[in-house]
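Protein chains: 2
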Amino acid sequence: MKFIAKIMDVGTADPLAIMCAEDAILLGLKENDRVRIDAKKSSTAMLDTTRYMIKKRGLMYLSDSVMNKIEAKDGDEVDVVFAASPECIRTIRKKMDKEELTKEEISEVVKDILNGKLSRMEISAWLTALYINGMNIDEIAAFTQAMVDTGDRIEFDRTPVYDFHSMGGVPGNKITPIVVSIVASAGMMLPKTSSRAISSACGTSDFVETFCNVELDARTLKKIAEETGGVFAWGGSMNLAPVDDMVIKIEHPLGINPRAQMLASILSKKVAVGATHLVIDIPTGEGTKVKTLEDARLYARDFMDLGERLGIRIECAITYADQPVGSAIGPILEARECIRILEGNKHPESVIEKACDLAGMILEMGGINNGPERALEILNSGKALKKFREIVAAQGGNYDIKSDDLVPGKYMLEVSSVKSGYVHSINNKDLVSIAKAAGSPNDKGAGLMLLRKKGQRVEKGDILFQIYGESEPKVLRAKDLAIKYQPIVIEGMLIKKITASKVR
Amino acid sequence: MKFIAKIMDVGTADPLAIMCAEDAILLGLKENDRVRIDAKKSSTAMLDTTRYMIKKRGLMYLSDSVMNKIEAKDGDEVDVVFAASPECIRTIRKKMDKEELTKEEISEVVKDILNGKLSRMEISAWLTALYINGMNIDEIAAFTQAMVDTGDRIEFDRTPVYDFHSMGGVPGNKITPIVVSIVASAGMMLPKTSSRAISSACGTSDFVETFCNVELDARTLKKIAEETGGVFAWGGSMNLAPVDDMVIKIEHPLGINPRAQMLASILSKKVAVGATHLVIDIPTGEGTKVKTLEDARLYARDFMDLGERLGIRIECAITYADQPVGSAIGPILEARECIRILEGNKHPESVIEKACDLAGMILEMGGINNGPERALEILNSGKALKKFREIVAAQGGNYDIKSDDLVPGKYMLEVSSVKSGYVHSINNKDLVSIAKAAGSPNDKGAGLMLLRKKGQRVEKGDILFQIYGESEPKVLRAKDLAIKYQPIVIEGMLIKKITASKVR
Chain S
667 MKFIAKIMDV
677 GTADPLAIMC
687 AEDAILLGLK
697 ENDRVRIDAK
707 KSSTAMLDTT
717 RYMIKKRGLM
727 YLSDSVMNKI
737 EAKDGDEVDV
747 VFAASPECIR
757 TIRKKMDKEE
767 LTKEEISEVV
777 KDILNGKLSR
787 MEISAWLTAL
797 YINGMNIDEI
807 AAFTQAMVDT
817 GDRIEFDRTP
827 VYDFHSMGGV
837 PGNKITPIVV
847 SIVASAGMML
857 PKTSSRAISS
867 ACGTSDFVET
877 FCNVELDART
887 LKKIAEETGG
897 VFAWGGSMNL
907 APVDDMVIKI
917 EHPLGINPRA
927 QMLASILSKK
937 VAVGATHLVI
947 DIPTGEGTKV
957 KTLEDARLYA
967 RDFMDLGERL
977 GIRIECAITY
987 ADQPVGSAIG
997 PILEARECIR
1007 ILEGNKHPES
1017 VIEKACDLAG
1027 MILEMGGINN
1037 GPERALEILN
1047 SGKALKKFRE
1057 IVAAQGGNYD
1067 IKSDDLVPGK
1077 YMLEVSSVKS
1087 GYVHSINNKD
1097 LVSIAKAAGS
1107 PNDKGAGLML
1117 LRKKGQRVEK
1127 GDILFQIYGE
1137 SEPKVLRAKD
1147 LAIKYQPIVI
1157 EGMLIKKITA
1167 SKVR
Chain L
667 MKFIAKIMDV
677 GTADPLAIMC
687 AEDAILLGLK
697 ENDRVRIDAK
707 KSSTAMLDTT
717 RYMIKKRGLM
727 YLSDSVMNKI
737 EAKDGDEVDV
747 VFAASPECIR
757 TIRKKMDKEE
767 LTKEEISEVV
777 KDILNGKLSR
787 MEISAWLTAL
797 YINGMNIDEI
807 AAFTQAMVDT
817 GDRIEFDRTP
827 VYDFHSMGGV
837 PGNKITPIVV
847 SIVASAGMML
857 PKTSSRAISS
867 ACGTSDFVET
877 FCNVELDART
887 LKKIAEETGG
897 VFAWGGSMNL
907 APVDDMVIKI
917 EHPLGINPRA
927 QMLASILSKK
937 VAVGATHLVI
947 DIPTGEGTKV
957 KTLEDARLYA
967 RDFMDLGERL
977 GIRIECAITY
987 ADQPVGSAIG
997 PILEARECIR
1007 ILEGNKHPES
1017 VIEKACDLAG
1027 MILEMGGINN
1037 GPERALEILN
1047 SGKALKKFRE
1057 IVAAQGGNYD
1067 IKSDDLVPGK
1077 YMLEVSSVKS
1087 GYVHSINNKD
1097 LVSIAKAAGS
1107 PNDKGAGLML
1117 LRKKGQRVEK
1127 GDILFQIYGE
1137 SEPKVLRAKD
1147 LAIKYQPIVI
1157 EGMLIKKITA
1167 SKVR
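Residue numbers (this note's numbering), protein chains in the order written: chain S, 667 to 1170; chain L, 667 to 1170.
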């Protein structure tokens, strides 16, 4: 049947076709059917007949993605017929039925997501099926490869390509620039791409961009990495495994991150940048993605099995994550703490230790013995600082950057202890919520400074942490949350008292 | 933050809020986050920032459902803040984790679907989790009750309220008007609501509306049923368990129908019309929803267990469904076959037998012995025809209706057998596809007449079935499909030959 094509005023990335209910009945079409639309070229779209305002017969509103595909413009005549569902709906149902998928089937799902052939409803069903029924290692390897194949790749002229990745979930993890600078100082190449905060208070790219540009194109990233040995870029500005980014948006409202998707997501970005050697940091503890050592070991085994299938040498580090890494949370605060350590500051030790341990593992993969000690030497020698400045300058920052250049938000409130005792536990998730309430990561100067960590002695009235921000109401709101959550738990040394009657 | 509200030109039933990406960043909002929008009243909506055409800061496009809720009009100022996800997202995740849900949790999901608080993505995840992890009988009973509670109910002044339901999947099942007329002739009340075709070639309402009005409001339905004892209405014109209809649209592209949803869907409509006694017909065979006797028994047990919890006395009939019921498929053809039987025609026997068996079960629930024999007597006596005419007239049809008044489409093509032998099997799904290609159910005169059924002898060149239609190209297309599918399989009497070597 012929329709007059109209473009929606608020076009959408989803390929959507809207007609009035009467036309749909005439064509024997139902809500959410696929239709094929023919103009100069053809495209499929999903039918919506629920839009209230379409009362006029013979009109078909199309999203601009469809308009572009069929090369039509507003008012053109288009031909509309029923179209079958994409083949990969069968694959999604197969996964619902707990069957193993072939490489080809997985690749088709990923391609169809990329090309907008699947609606959000269908991608959501795919993710739910993955969450419940999972994938085996061969399926995940195929899934990873399919995500790589649907995006761009960076081909370095220099090899080997070292890389590392933190699974995340622990706040304050500002080690990336330190690790990169140490490894590059040793003459190895580590072209690190990082993410921005998804649900956390501050991603690596969120704090790195307070002192240099992180939105590099692939050509610039390659040039800087090959020349300096290091780079700390935002992965999102390149078209690496783009399906992953599309899928994350749909995971978000569901609050799920299926294991297969998570593993494929991490490794696809690494395969796309051509990593040959990879260290994966698995932060483990309550309030992170990986709760127990046993879980962490399962992840480590999966990563290494996947590495074998994908041709990357992978080693894993299980790291302590029951409290934040270091003291600072939030873009400027984390940047300052990170640069202070490069400048020679000996605190916080947890940051130095974690950075040198991970850098050390990478050095050892490159054939350097006693990696962690060697990493600490490089850090203490000032070589890492020099390398850091080189990279910062190459990424458009100031070579002479000093930690003192980084000034947090002008509003600051302190949260004190209401009793004396020892810090028994710190709730990562609550700290993240408080930092976000203060404005982090969008307000660069917002965040938290922890003055007490686990096991330390606290007297009533001692300051536990400071809340920084660029907006007074936000800092006040954050303090309210802090008082409500009490994220730092103080206890006497005696945690549990067993009475005589209970012992008997 | 303040925004100027704009109404989308093609509004949607989904509560959607669209702003430009820069505004979202400023507010710390991500794609698919929930936002609360305040004008005269408040509403939540899901944020979309991917719409290409929104470049202007400070504008917020809202779907008309949201505009109505907040009582704003185009150009009004609205206030927008982040809002938490609906609580029931947790319930959906619980079901993904295979946990049992409480009555309250299930009720909240159903209410949130009704009120548009869940996006299609989230409903899709819910359905996928139900499909994979299922529900136990207590959960399904709670689910059914929740679907009833979110819709209207019909309260009859006359009790008991008898009802029956065919699970469907078998084409040509035109028994409803016959069963209703027989039962009502016996002085019992059977207010039957039926559906239109979803994936089939012709639903009960599709053929009943060829001779009377099926779109009754609840008041009219009640009046007709109480006065005549019977009614054959379309369930969709009343607001009975409306969530079911919303969910079916989302099941459609996924091609799934989770068992829990199917059971709750059937029973919620029955509870909503106040049924006290219910017979459920479970058509069983290849090419229907229920493939094996074992499956059918499981359904029967579930229905009876649910009936106990919901306070309905339920009995189940497992019926033969390896081929269509009777000879006619398609609205006018089925209506004609149905009325011919009421007029006294003795064919097709399969329709008479099935109708009298089911009517008989209902009569026996009402205390009448030898139900099936009694049903056949009522049919043969002409009482059922008289009652049928009464109901038809009450539903706005012609009291003097005759089967010959129903004239199928003027285009007819015949499909003949290419060999001699016996009808070994009939593929229901293929017949449905052919009938739909011919135009059924929208073209009322379109459909099929089967001249041969299973086990019958066929000579090469004998006509197997006729294709009727109102449009020549559709009938031609249907015949092409018929030749491609060969839905009626002819074999010699010897189906499998076991050779001596294999027997040894």
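Calculated directly from the structure, the hints in this document are not laboratory data.
Incorrect hints may appear among the rest.
Listed below are the simulated BS3-like cross-link pairs for lysine-lysine, each with C-alpha atoms no more than 30 Å apart in a straight line [unchecked claim]:
no.: 1; chain 1: S; residue 1: 1052; chain 2: S; residue 2: 1085
no.: 2; chain 1: L; residue 1: 1085; chain 2: L; residue 2: 1049
no.: 3; chain 1: L; residue 1: 764; chain 2: S; residue 2: 955
no.: 4; chain 1: L; residue 1: 721; chain 2: S; residue 2: 696
no.: 5; chain 1: L; residue 1: 721; chain 2: S; residue 2: 764
no.: 6; chain 1: L; residue 1: 957; chain 2: S; residue 2: 739
no.: 7; chain 1: L; residue 1: 957; chain 2: S; residue 2: 764
no.: 8; chain 1: L; residue 1: 721; chain 2: S; residue 2: 722
no.: 9; chain 1: S; residue 1: 1076; chain 2: L; residue 2: 915
Calculated Cβ distances over 10 Å to all of chain S for the following chain L residues [to be verified]:
no.: 10; residue: 697
no.: 11; residue: 706
no.: 12; residue: 755
no.: 13; residue: 788
no.: 14; residue: 795
no.: 15; residue: 879
no.: 16; residue: 918
no.: 17; residue: 952
no.: 18; residue: 979
no.: 19; residue: 1012
no.: 20; residue: 1051
no.: 21; residue: 1139
Just so it is clear, CB atoms sit at the ideal spot from N, CA and C, and this is done for glycine as well.
Practice item. Enumerate the violated hints, using their earlier numbering and listing them in ascending order. Key: Hints 1, 2, 4, 5, 6, 9, 10, 12, 13, 14 and 16 contradicted; others consistent.
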